[in-house]
Amino acid sequence: MSKQTLIVIGNGMVGHHFLEQLTSSAAAERFDIKVFGEEKLLAYDRVHLSEYFGGSTHADLAMGTADWYADNNIDLHLNEQVTAIDRDQKTVTTPAGTYDYDELVLATGSYPFVPPIKGNEHPHCLVYRTLEDLDSIRASANGVKTGVVVGGGLLGLEAANALKSLGLDAHVVEFAPRLMPVQLDADGGALLRHKIEELGVQVHTEKATTEIVEGEDSRLRMNFSDDSHLETDLIVFSAGIRPQDTLARTSGLEIGERGGIVINDQCTTSDPHIHAIGECALWGGKIFGLVAPGYTMARTLASALNGDREAAFTGADMSTKLKLLGVDVGSIGDAHGQTPGARNIRFNDEQAGHYRRMVVSEDGKTLLGAILVGDNGPYDTLLQYALNGITLPDSPETLILPESEGGAPALGPDALPETASICSCHNVTKGDICGAIDAGCSDLGSVKGETKASTGCGGCAALLKNVVDSELEKRGVEVSKDICEHFPYSRQELFHLVKVNGVRTFQTLIREHGKGHGCDICKPAVASILATCWNEHILATDHVPLQDTNDTFMANMQKNGTYSIVPRVPGGEITPDKLIVLGEVAKEYNLYTKITGGQRVDLFGATLSELPEIWEKLIAAGFETGHAYGKSLRTVKSCVGSTWCRYGVQDSVGMAIFLEDRYKGLRSPHKIKMAVSGCTRECAEAQSKDIGVIATENGWNLYVCGNGGMRPRHADLFATDLSDEELVRTIDRVLMFYVRTADRLQRTSVWMENLEGGLDYLKEVVLEDSLGLGRELEEHMESIVGTYQCEWKTAVEDPEKRKRFREFVNAPDKKDPVQQWTTERDQRRPVLETESA
Amino acid sequence: MKARTRWDSVCKVEDLVPESGVAVWTEDGPVAVFYLPHRLPALFAISHTDPFSGSNVLARGITGDIKGEPVVASPLYKQHFSLVTGQCLEDQDVSIKTYPVLLDGDRIRLEVPAAQSETAAA
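Chains as they are written, first to last, in the UniProt record's numbering: chain A, 1 to 837; chain B, 1 to 122.
If you are wondering where the hints come from, they were derived from the structure by calculation, not from laboratory data.
Please note that a few of the clues may not be correct.
Here are some chain A residues pointing at chain B (derived, C-beta under 8 Å) [what the hints assert, rightly or not]: (1) G518; (2) D548; (3) A811.
Keeping only pairs whose Cα atoms sit at most 30 Å apart, straight-line, the calculated DSS-like set for lysine-lysine is [stated by the list, open to error]: (4) A:K594 with B:K78; (5) A:K515 with B:K97; (6) B:K67 with A:K559; (7) B:K78 with A:K481; (8) A:K321 with A:K452; (9) B:K97 with A:K815.
Just so we're clear, the structure is a prediction, and the values are computed from it rather than from any experiment.
The beta carbon of each residue, even a glycine, is placed where N, CA and C say it ideally should be.
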């Protein structure tokens, strides 16, 4: 059967999600997929648009990559607007050509509503929807003082936050008597207004703008119907959205009275071969202006196209939980109590700035809706009661009272039914999580990887952890943190014991705090802890037997028992003379030579007894050990930076060398990789590193907790526009906190994901010093930096340590007979098992 | 006919590394000698050859005990071998040679089977 053509018009969040769903199903085989996007850029996360002014780039916000589209054989046409649909011929037309379709999906989204106010065509009247809009706002805000947002809803307040982060005096003008009129009531709106005004955003409610004219002190002046006025330099309209349904209208599809492409439960329009999803679609007379319902439509349509006859969109929960300008706001279900007979329970603490309202059914047994302002603490619990119809406790008010006033603790995960939705972004239920655990996931990280739960907005992280812990416990999986049978402690606890009691050897530790003789789990872990605390040479008599073989011999063991050597080349910068020495040494010892991904040279095939001789030569030429063998800093990769590159804005090589010299030798729970890029083009791939630094015109942006490997993870933006000193101080703190608190063999990514509170918590600890540990972490790092020694230099100078490098202690000249060699591409390599015999 | 054996001196005490192993060459091939001073007896000798890779590396593994059994972990693929019986803890079908070992003054002696050629000649 020949393939059908499926065309998707629109490349936004929902359109992209639809493609992800479709390509991971069997339907992918049935269709050739074409996508048309009006914007120049690949689909990106509009929910976090305001982060664009905080240093995030399109790449940070992007939902997918061009490679992803290519890998999935999706023919992507960006910056190509579809201008017409011919339903009879089943074609779509763009300025570039006409294309046939068998099935057509409209994911055209919405456009911002600009109220018909005289003067709204002024060039400094803008909207807030796309990254291009944000570029315009940034350009308009350059060098001026004041900005106004028209619209006090969710998006309007986001826009006000954006203006504030551009350094403008921000105002919000709202027609209704309160902020967020859809989600909040009068008391909630009043508290939100108070909090936002405290943050320096001025709020003007019950203002109807009649005209926009030239200003006297500023560019513009807004005249209001009550004869008051406001001067401003720019205006951002954020007064709601309208479905982008023009194409559907002109091609004669059924359209709702107030706009929107009418769809049925399968997301199909009045034409059976045309479907619509997201904010352009009208279902049950409603437009859904949130991303989660759009995702649900996308999943429904993908399933339907995949032949699932049961797939149906049945409406969506419009509950929202947000941080607006740093203020918690939550709104659940029937927040205004419009259900007949509904009753209200309110808790209003003006002192603390908390407002909570519950709307309960007439019989007081079910929760219909809720409003929270100031603290979203009870949100997760309330949402579960509302969504799952769980019977309320006898005194439902306890759910919103502070605990000191007899408030009930959060709803335990056991009380949730299997159908309870834990992660609404990816539609993961408690049942899905239990399924993943039954299928072998045994910790939070693997459940996240398997189900994708908590990898969208992340709002459900705490709830997810509770469910996973409770389910593991129920299955008798002892959620044991013990490192092994010899120590009833986690790595973090062992770290404490060592540090607090001044323990300096493994023998003391196991005698006083453990049992038995240790093993290959606890010994290297303790060796790493001892190194972090006291930084003694890893080959000191007490420490030698603790090390993994790679640490013991300070080289990387290969499959035939020989070793590879990676001298440190800080930042990847090397002089021709040193490069020649590497070549000469490799030639002398017949070492296979390969360039690594971290910009180093790896020399393979050295025998144990050759290692000290080789290192003598390397040290004489000025090389240091590269720690490629250790759980420690491996490499700091860099691009060539502003010294040579015409795009570079900072000296990335200089910074990379500085960072590598600072952190070399730091022993850690797992290997650490870093990179420094000299501009936003990111040639050093810093966003795939544990610590990634990207130059900006004003300093450095810091990314943390990324990695490549088996489970690649994009690093998170941690802080922006840091000076050199701020950068180093921040990295000191992040690394030291990691080294102290991570489990053994836990990369920074998994460590951060398992911190309760995740990235936000890490930011609090490091940037806001919420634990008061900042100074201690810096001092500890300083002491490690100050006691650095090149392990190889110390080793080759010490005859006792060199004795360890004898292959056979009784036969110095004996060559290991199993090491057999052959030549391939002009270099020596081991004979493979399949070749010998 | 029982193969003739003998006690070979393979190295001195000062060659050993406490809590770890060293490799020696014997007529029976490469042998790993471990010295665990916190145990009695303190000396163990097993084949130096890791049966899973065929490489001579076991003396470079980390020693310890699993449920009381003294073991070494292969530095390549991390399987544990009993220092007493040579049994692989992860795979019942795999075990390696062990050798009686003793301290004679400052010399370490191993009881190794005589080399093939000598056995044939005898």
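(request) Hint by hint, work out which the structure violates, then give me just those numbers in ascending order. (result) none
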